[in-house]
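Student: Letter by letter, the chains look like this.
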Amino acid sequence: MFNLFLHELRSRRSAILGWGIGIALFGILIIMIFPDFEGQLEGFNIDEIELYQVMGDFGEFASFKGFISAEMFTFMPILLGIYAIINGTGTLAGEEDNGTLEPLMSLPLHRWQLVATKALALGIALFLILAIMSIGEVIAFNALPAGTDVSGVEAVDLVVATLAIWPLIMVFATASMFLGAFMPSRRIAATVATILLIVTYLGNNLTDMVSWLETLKPLFPFNYYNGREILESGMNTGDLLALLVASLLFFGLTLLSFQRRNVTVGAWPWQRARIPSQAEV
Amino acid sequence: MILDWLVYYGPHRGIIDVDLEVRKGEIFGFLGPNGAGKTTMIRVLMDIIRPSLGKASIFGLDCQKDGVKLRERVGYLPGELSLPRNSTGRRYLKMVDSLREKKADPEFLRELCARLDLDTSRKIREYSSGNKQKLGLVSALMNKADLMVLDEPTIGLDPLMQQSVLELVLEAKEEGRTVFFCSHILSEVQTVCDRVGIIRDGKLIKVERIDALTAQPFQRLKLRFDEMPVEEAFSFDGVKVLGREDNAITLEIRQNLPEVMRLAANNGIIDIESQPVTLEEVFMAYYGRNNRKNSQQKEQASEVRDGGSDV
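Line by line, the protein sequences are chains A and B. Going by the numbering used here, 273 is the number at position 273 of the first sequence; the sequence numbering is gapless. Going by the numbering used here, 291 is the number at position 291 of the second sequence; the sequence numbering is gapless.
Calculated directly from the structure, the hints in this document are not laboratory data. Among the clues, some could well be false.
Claimed, not checked - Only pairs whose alpha carbons sit at most 25 Å apart, straight line, appear in this in silico SDA-like list of lysine to any residue:
#1 B:Lys132 to A:Gly123
#2 B:Lys132 to A:Thr264
#3 B:Lys94 to A:Gly123
#4 B:Lys94 to A:Gly99
#5 B:Lys123 to A:Gly18
Since the structure is predicted, the reported quantities are computational estimates derived from the model, not experimental observations.
Looking at chain A on its own, in the form it has when it is part of the complex:
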C-alpha cells in the first residue's frame, strides 16, 4: 500500500512543484509590491465600491492585512479550487478515461483501499502546494523594507492563513472525486464541479447584498473560510470542523459510489438495473 501511495504522490510531483512554485511566486509578488502601494492607498476603502463586495469583505484595503487578504486570500482559494477539481476528477474518473485504472484494479486491493490511498495522496499534494506557497510568503515577508507598516501581521499569520485554505479546497477535491466516481465521465464531473465552485464562491459573497441568499450561506464552503479573519485571529475551530466534515462526507460518498461502479463502462449508476427478458435472451 505504501508503494502505491508513493506512486500516487510521485505521479503528482510535477503538478505539486509547478503549482507550488507558481502560486508562491504570486504570493511573493503581492507581498513585495505592498510597500509601493502603501502610500497611494492611504484612506482608500475598497468596500465603498459595491462591485468589489461580490468578491468578499476586504476590510481596509490600504492596510497590509486588507491588501493581502484582497489580493491574495480572496483569489487563492479559487485558483487552488481549480487545481483541486482538475486533480479530484482526474484521480478516479480521469484514470478510468485514460485506462490506467484497469491495471491497478487487477491487483489484490480492495476498492476502498484504492480510493483511500488516492484521496490521501491528493490531500497531501494539495497541502504541499500550500506549504511551498507559505515558504515563499515567509521569505517575501522577511524581505520587506524596514518600516513597512504590516499592521501587527507576523509571518506565522501568513502561514496559518495559507494553510487554512487546505480544508476548503479539500472539500472541492473530495467533491470532485465523488462526482468522478458517480458520473459517466470526467468531462461531465469536471463541468459540474466547476459550476459548484463558481456558484458557491459568488453565492457566498452575494449573501451580504441579496437577503434571500442568507439562508443558503451555511451550504457554501467559502462561508467557512475568511482570509482576513484568519490573518487577525487564526482559523476558527468550528469552520475547520465544518470543512473537514464536508470533506469526509464527500469522501464517504466517493467510497460508496466507487464500490458500486462498473469501471470502464462509462454509465450512470442507474443504467445497470435493466435485465433482459427471457425472450430477449
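Start from chain A and add chain B according to the hints.
Tutor: Same frame as chain A, but now just chain B:
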C-alpha cells in the same frame, strides 16, 4: 474457473448466460470478433465490471466477494493497456510487486525482462507501444500466478517477441499454471491453446479442443502439374474441386484417394501440398467474412461443420 453470469447495460447487450469451465493447467483460448463481449467477460473476472445477475468464480472463489484473495493468484494483461506515463518501468513493477506482497523472484524478473528485451530504467512515457506491451506482460507474468488472463498479449510486438511470448505461455503451462488466452491472431491461438471458447453476441456458442475443431474426415490437397489435366478428369465419387489456378487444382477428397493419386501420377504431377483446416477457417465459418446473417455463409458454416468432427 467457472463462470455463470449475465451482464447487461442499457440498450447494449454485454454478456448473456456464459457458462464456462476452464481446467487447471490448460491454455484456454477465447475467441470472438470486436464487440462480442470478450473484454467485458474478462473485466467481470477481474471485478472491474459487476454482473447484473449470476456470479463468476475462479478457484472456487467468488470474483466479487473474494476479489482480493482471488487477484493475488491472477496475473492480468488488459487488452487496452495504459500505464502511468511518469513512472519508470522498474518503479511500476516494484509497485505492482509490493501490492502482490513481493512474490516475484528477482532472478525470474530479470530473466523475463531479458527475454522480452525490456529496459525498465526508462520512463514509461518514453516507451514505444511495443515496450509498453512488454512491461504489461512482465507485470502479468512476473509473479508466476496460478492463472494468467492475457488479453491480446502479442499486440504491437514484432514476430520475434511474439514467439518469445508464446514460449513463455507454454512454459507456464508446463509448470502447471492456467492461461486464459484471448487473441485475434488465430494462428497463435492454434499453436498454444488446448481448448477454445467462441463467443458471439455475448453468448458462448462453442467450447471445444483445438484438435477436434480442426479435425477433418477428408483430405484437402493442392496438386501442381507440368501440364494441367482437364477438370473433368477428377470426377470421382467423393472428390470435389475447390479451386483451380494456372497449373494447379485444389481438391477435397473424401473417397477414392488412390484413384486421384494414380491419375495425378499419370499426368505429370510435380508437387502435392496438403492443406489442413485451420482455426481461422473454423472461426470464419462461425462468423462469416462480412455479414454473419448472410445465408450463403451460413451454408459455408454448415459445410465446414459437416467436415469437422463435432463442430
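Student: Hints first: check each against the structure and report whether it holds.
Tutor: Hints versus structure:
1. B:Lys132 to A:Gly123: Violated. B:Lys132 to A:Gly123 sits at ~30 Å, over the 25 Å cutoff.
2. B:Lys132 to A:Thr264: holds, 20 Å
3. B:Lys94 to A:Gly123: holds, 24 Å
4. B:Lys94 to A:Gly99: The given pair, whose Cα atoms are some 20 Å apart, holds under the 25 Å limit.
5. B:Lys123 to A:Gly18: holds, 20 Å
The structure shown violates just one earlier hint, number 1.
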